[in-house]
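Engineer: Residue-level listing of the chains:
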Amino acid sequence: MNFEKIDHILKEHEYKHSAIISIMQDVQGIENYLPEDTLRYISEKLELNLTRIFDIATFYKTFSLTPRGRHTIRVCSGTACHLGGAVKNLEQIQRTINIQEGETTDDRMFSLETVNCLGACALAPVMVIDEDYYDAVNPGDIEKFLSPYCLEPEV
Amino acid sequence: MKQIKTISDLEDLRKCILKQKDPDKITIRTCLSTGCRAKKSIKVISALEDELNNQGLQEKVEIKKTGCHGFCEMGPIMVIEPANIFYRQVTSEDIADIVSETILKGNIVKRLLWKDAGTKEYTKTEKELPLYKKQKKHISYNSGKINPTDIEDYIAADGYSALYKALSAMTPAEIVEIVVASDLRGRGGGGFPTGLKWRICSAAPSDIKYIIANGDEGDPGAFMDRSLMEGDPHRIIEGMIIAAYAIGASQGFLYVREEYPIAIEHLSIAIQKAEEYGLLGNNIMGTGFDFNISINKGAGAFVCGEETALIISIEGKSGTPRSRPPYPAFEGLWGKPTIINNVETFGNITQIILKGADWYSNIGTTGSKGTKIFSLVGKVRNTGLVEVEMGTTLREIIFDIGGGIRKNRQFKAVQTGGPSGGCIPISKIDMPVDYDSLREAGAIMGSGGMIVMDETSCMVDIARYFLNFLLFESCGKCVPCREGLKQMHYILTNICEGKGEKGDIEALTELGHFMISTSLCGLGATAPNPVLSTLRYFHDEYVAHIYDKKCPAGVCKNLFEYMIDETLCNGCTLCKVKCPEKAISGEKKKPHRINTAKCIKCGICYNLCKRQAVIVI
Chain A
1041 MNFEKIDHIL KEHEYKHSAI ISIMQDVQGI ENYLPEDTLR YISEKLELNL TRIFDIATFY
1101 KTFSLTPRGR HTIRVCSGTA CHLGGAVKNL EQIQRTINIQ EGETTDDRMF SLETVNCLGA
1161 CALAPVMVID EDYYDAVNPG DIEKFLSPYC LEPEV
Chain B
5 MKQIKTISDL EDLRKCILKQ KDPDKITIRT CLSTGCRAKK SIKVISALED ELNNQGLQEK
65 VEIKKTGCHG FCEMGPIMVI EPANIFYRQV TSEDIADIVS ETILKGNIVK RLLWKDAGTK
125 EYTKTEKELP LYKKQKKHIS YNSGKINPTD IEDYIAADGY SALYKALSAM TPAEIVEIVV
185 ASDLRGRGGG GFPTGLKWRI CSAAPSDIKY IIANGDEGDP GAFMDRSLME GDPHRIIEGM
245 IIAAYAIGAS QGFLYVREEY PIAIEHLSIA IQKAEEYGLL GNNIMGTGFD FNISINKGAG
305 AFVCGEETAL IISIEGKSGT PRSRPPYPAF EGLWGKPTII NNVETFGNIT QIILKGADWY
365 SNIGTTGSKG TKIFSLVGKV RNTGLVEVEM GTTLREIIFD IGGGIRKNRQ FKAVQTGGPS
425 GGCIPISKID MPVDYDSLRE AGAIMGSGGM IVMDETSCMV DIARYFLNFL LFESCGKCVP
485 CREGLKQMHY ILTNICEGKG EKGDIEALTE LGHFMISTSL CGLGATAPNP VLSTLRYFHD
545 EYVAHIYDKK CPAGVCKNLF EYMIDETLCN GCTLCKVKCP EKAISGEKKK PHRINTAKCI
605 KCGICYNLCK RQAVIVI
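Protein chains in written order, with our numbering: chain A, 1041 to 1195; chain B, 5 to 621.
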């Protein structure tokens, strides 16, 4: 991890303890997860207890302490999506890429997550891959939606 | 840049902006909110821009990129003014026709008009659409009409007039009293009188006070706050500045879910623009009043929508609620008196200041004043955002505005209030929607989610769904919530899996009442509502699950089978081709069969069959 970037983030937030959640959100923006050595570095620089940082990292759902895949699949499990069959979509994804919710595929291609509600309830059931939204999804669509991501060349 | 240095500069600026506007100019209002963006509106708008440039029309036609129109399902939406023509589900391929026919010749492109699924009639204009016709848009009026990233558009639509009036002609005490007299109640869920909160905070002795706008819209199925923040961010900011002036605060916080990146972007731009124009920051409009706003992004914790948890989260800690009193109005952020209101509540303030408390309190019912925005979703025909007067009946909302139930199925229930709310059955369809009636019916107003269910929705599964949701969102601090949720969820999961036993219903009821009376915060105290309300109105369905081992709606996997009705099946083979488990057999043009031993109940065949020959038994 490049600590220069971390220093920049800390400076932007004026090394404020109250800004720790925003700091961690910005840090996670770099590598898509929070590496332990980075959290230790932040703790040292801010003179903030490491237990408090880990408390926040494990309390808020947005934070991940393990690396994520290149593509994040987020299945909305809001009420409208649930009624529209979000569980069946989720199960179909699990069968297709062979991982459970919260896991990452062995080849680090996909991470699978559920999200409480994306606020796009009129489009239910909704699924988001990275930044791309898919609306009115049904289990029969899953393979078709996932395959273009598998074909993308390595960066 | 036109900085407003004295209080009269605002009116001069407004006149100047309005003078430059040509009301007869053709304007195409396009939506750039989450819903339409998800349906590729950015691509469509760029195709429109290209086409207008190619035809040399860029000077004659204005493209206005607005926030949410409320009819997200029909996105991408385009409304062509001044004729008010409403086009839906516009694709890049439709652009050439829109420009050559509608813009150049004034003709309608019929295939892009909205068509009523029931009557098969087309609707030409936005104002004639059933979804909009019965609405009373006071708070969401600008959303979908103005460009939310252009402060001058907001000012042209009377924006910041309420702030002008408050700062130039009212004392802080007068503002507090007008909000008290309006009887406005908080739109976040609890429904506490907003004016009282302001009065208490205003009287609290402290040099430092804070204003917090709660935009942590966590209720699944609700998206009115997102739409308001994306579509009319200045309205919220203006409400916050007025509140700050009323109680003497100089710092405000906007707490927004990080799942709403466009809302965060639009609010950030709005704050920056308001500062540039002298409407926010130091010495607002030259009056000597200082107020700054910063944005805090939520980090995916539902419990942070609870006010004490949200405050702790802004302080940079894990957002666990604390017991009240002391209420935030006495002791809030960093121990200082704090007003925390929902963003929609702040959205109500400007009209109360401009039109007065009497005008406001004439709208609505005795105990619930004004209008409320609901997100009408689920198995209803027209889904979207609906702003109606308090006291409008459920029937008017679901059947007149929402157009009834999809696929001609039967209405079963409507769920309001998110995980803290309840399910209301058909017998209460003529009930007025207000804080007190909903509570009486075992639900709550909540933030305004209204999820419509039909005969394919299982009420036991819905109850389990909400408990499952809360099980993960409970902060774990108090025992009744942490353990109560776990036990209730365990019982409900058993019921849904076909392992329900005699005594389960009684145990759920007892645990539910225990949690209500002993939990620390609103999350635990309202968590049993979805279970208790479904037990009250849909007792039969629990009985069917526990004793008959059947899920009548066909949702709980262990309790139903899919079967093909041989009298309906025409042997099109679609289900057979798509079945991932090869569990369907049959020859072309002959009735097919499902091998139930192989079937994994993924539902693909059920969704695919156009003749609805796949049935649940």
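Please keep in mind that the hints were generated in silico from the structure rather than gathered at the bench.
Beta carbons are placed, not taken as given, at the ideal position from N, Cα and C, and that holds for glycine.
Treat the hints loosely; a few may be bogus.
Claimed, not checked - If we take Cβ atoms under 8 Å as the criterion, some of the chain B residues that face chain A in the derived model are:
id	residue
1	A100
2	S322
3	P329
4	P330
5	M457
6	E459
7	H517
Engineer: Less than 8 Å between beta-carbons is the criterion; does P330(B) satisfy it with respect to chain A?
Structural biologist: 20 Å, violated
Engineer: For the restraint on A100(B), tell me whether the closest CB of chain A is nearer than 8 Å.
Structural biologist: Where the cut-off is 8 Å and the nearest Cβ of chain A is about 25 Å from A100(B), the hint is violated.
Engineer: With a cut-off of 8 Å on the beta carbons, see whether H517(B) makes it to chain A.
Structural biologist: 24 Å, violated
Engineer: Once the shortest beta carbon distance from P329(B) to chain A is found, is it less than 8 Å?
Structural biologist: This hint is violated: P329(B) lies away from chain A, its Cβ roughly 24 Å from the closest one there, beyond 8 Å.
Engineer: Under 8 Å is the threshold here; is the Cβ of E459(B) close enough to any Cβ of chain A for the hint to stand?
Structural biologist: Violated - the Cβ of E459(B) stays beyond 8 Å from chain A, reaching only about 12 Å at its closest.
Engineer: Holds or violated: the hint that S322(B) contacts chain A, with Cβ atoms closer than 8 Å.
Structural biologist: 4 Å, holds
Engineer: With 8 Å as the cut and Cβ atoms as the points, is M457(B) at the interface with chain A?
Structural biologist: It holds, given that the least Cβ distance between M457(B) and chain A is near 6 Å, below 8 Å.
Comparing the model with each earlier hint shows violations of hints 1, 3, 4, 6 and 7; every other hint is respected.
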